[in-house]
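Novice: Based on the provided sequences and hints, a complete structural model is requested.
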Amino acid sequence: MPREAEISVNEREFIQQALRENTRLDGRAFDTFRPLELTFGDEYGVADVKLGKTRVIARISVEVTAPLPERKFDGVFQIVTEFSPMASPAFEVGRPTDAEVILARILEKAIRRSNALDTESLCIIAGLKVFHLRADVHIIDHDGGLIDASCIAVMAALQHFRRPDVIVEGEKATVLSVREREPIPLSILHTPLCVTFSYYEEGEIFLVDANLAEEQVRQGEIIITMNRHGEVCQIAKYGGATVDALSLLNCNNVALEKVKDMSKFIQERLEADAKRRDAGGLMAELSAENDR
Amino acid sequence: MAATLPVVLPGDQISPSSLPKPTKGNKPLTLGPGLQHIPPNTISTTIAGALVTDAKKNAAWVEYNSGRYTPTAGDLVIATIATGGAESFNCTITPNTPYASLPNLAFEGATRKTRPQLATNSLVYARILTANRDTAPELTCVDPSTGKSEGLGPLKGGMVFKISLGMARRLLAGRKGGVTVLGGLSEKIGFEIAIGRNGVLWVDGGNVKTTLAVGKAVQEVDEHALGPEGQKKVVSKVLRDI
Amino acid sequence: MPLDTSTYSLALLRLDGRRWNELRRLHAQISTQAAADGSSYLEMGNTKVLCTVSGPHEGKAGGAGGGPRSTQAKIEVEISFAGFSGVERKKRQAKDKRTSEMSHTLTQSLAALLLTHLYPHSTITIHLSILSQDGSLLAACINAATLALIDAGIPMTDYLCACTTAAPPTSAETEAGGDPLLDLNGQEEQELPFLTVATVGKGHAVSVLIMESRVRMEKVEGMLAVGVEGCKRVREILDKVVKEHGKRFA
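Protein chains in written order, with UniProt numbering: chain A, 1 to 292; chain B, 1 to 242; chain C, 1 to 250.
It is possible that part of the hints are untrue.
[Unchecked claim] Derived DEER-like restraints, expressed as beta-carbon distance ranges:
| id | chain 1 | residue 1 | chain 2 | residue 2 | range |
| --- | --- | --- | --- | --- | --- |
| 1 | C | 71 | B | 114 | 17 to 27 Å |
| 2 | B | 232 | A | 164 | 51 to 61 Å |
| 3 | A | 270 | B | 150 | 53 to 63 Å |
| 4 | A | 70 | C | 229 | 32 to 42 Å |
| 5 | A | 260 | B | 95 | 33 to 43 Å |
Just so you know, these hints were derived from the structure itself, not from any lab.
Quick caveat: nothing in here was measured; it's all calculated off a predicted structure.
Ideal placement from N, C-alpha and C gives every residue a C-beta, glycine not left out.
Specialist: Put into structure tokens, the structure is as follows:
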């Protein structure tokens, strides 16, 4: 009978005492993220994010379907999250916990509703054929900060993904394979990223990117989604202890700073990956030499 | 741990030459965890690890570092109280094992009238009394022969750190385990520890800084599998910081 | 159906004739359902919500039996939509993610407010029936739940009051935008970025803050300030309702 291990009284008191003395268990400052790692797969659209011990993999896949009748000019974009028992004994397949529902909702609001992806660009023939884009989020290891890590994974995967090109002749559309024509990147309008604040001591202490133990001790959380242009895409504070309105606004400023850092980091990684793929450039591809 | 121990894989047959030679008399050979006797006289391994032999006890076993803790009678564990009942507390040893029961009377000086009051989610240092595959494990906080606590009982304050099962075993083995980091630290700073075979280390250094330093030092030794040299470095680094 | 924002900047009157900081008619009653331990009926404009509370009663056997949290009462929130509540009559799925997010919000915010430690091993069930939807749905649910819990006599530290605010419509003339709008109806909610805020007590203690649409960071401050102010006004109204009801027993 697996279940979530409740944090013991001793740990709870120790973490709170440490926070009062301005110390976090892993020695970070209150407003720093854990070391972030981002790697891309061999295929387009696979992003592997490690945030401390938390690990999330996002994968984008695409197929051609008929559009929804009420949205004839828009492609379909779907985010599917799955908590596997691999990440924590408390997760069970097919029985979504509250945390899973919240994660799905936040990603939905942060990425889909804020129009991070231009779904109109996924339309092939209005009313008949569109691309159906699906982002699968897999939680591989759970040590807190799932929402932040998942959001980074999805956004990085979307920016990394290339969809196949199509030729439209009247009512007939031909999807060209990757060999026939270079696949094209998606049109991303902005990159929203989430920053989760956990608060303690009646809203006196705010932590960025809490790990699992800190999450279990916190009095409440505030999830802020922003892009680097300073647009807030989503704020969610689901109850918990109350917080002064002014400190909420302060969180916004901290979030903007963090989002800017993270956007830059993702961009750097994307460029590094592009360089790696394009090792020899066109000349290498045209070269007559081969391994045989 | 000495690096010269032979590594065995499941299914390997142990050659008689690597088994201990009985030093005196004809003491029967004892096989520990990970070894299996296939009659008439084949001994093979069932798990991967390092083969350890003890000539004095005429015993052989496989030392390994697994992720899953299986309760075994006689082990010292740090358990978390899940619920309290009329007769006994239900305790969590690891999230994956069933609740272990800790009778209310299994504390030093406990009687029917004065039983210990333990809140949910508090920690106890206990010994596993019985563990078999058909019933829930039973814990105790007293030595059944003397009725004394022998250092067992509720843990107050402090902090717990997760360590690997192998590390916990090595720490409990004392000098044979080859972990010198705690000894090194204790020369300069004072702290209290309790080691649970279920991969839990409880440290109370009196203040946040000491507790954290001790816990982190052990975790670092564990994570990087540091030898005596590395452990000395960790000790001096921690002492410098404090 | 774009909201005619041009007329707003001229007359500063909204579609339903309200000014920017005006609440809709807020009408509430408590003790409406005799069978429940506590109940309330609340209208915020055309949004109508009926709330019943039962409990604290003993938790279901088995479920709460070994629960580690059994030192406190568990709060369960069920939200059901009447088929005729929306514009289109359609059957909603029993549990979609938006509804479970709403009930999660209510559970979390009330858990911090109610003195749940007084009722170990028990459950408090809050049932919300949405009879009509016209904006500010979550806010109406929070207010209705507060009233029903007061009626049920479950001890709490203070009132939880909620309302919505929207970022002002920007038009050519008012580049910076006007004042944020308070208490949105359904049409305004579709057009403008808005947030739902719930506060506890008379101060600025924010318990719930949910925003689902994209907006400039600078505007959040104004929206939040107006929202907190609006919550204070909602609190006064709810307070009056409770006192009015209490007079009968005086």
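Novice: Please go over all the hints and tell whether each is borne out by the structure.
Specialist: These are the hints, each one checked on the structure:
For residue 71 of chain C and residue 114 of chain B, the hinted distance range of 17 to 27 Å is satisfied, since their beta carbons lie about 22 Å from each other. At about 59 Å, the CB distance of residue 232 of chain B to residue 164 of chain A agrees with the hint of 51 to 61 Å. The hinted window of 53 to 63 Å between residue 270 of chain A and residue 150 of chain B holds, with their beta carbons roughly 60 Å apart. Restraint check, residue 70 of chain A to residue 229 of chain C: a C-beta distance of roughly 38 Å satisfies the suggested window 32 to 42 Å.
The beta-carbon spacing between residue 260 of chain A and residue 95 of chain B, approximately 38 Å, falls within the hinted interval of 33 to 43 Å.
Comparing the model with each numbered hint stated earlier shows that all of them hold.
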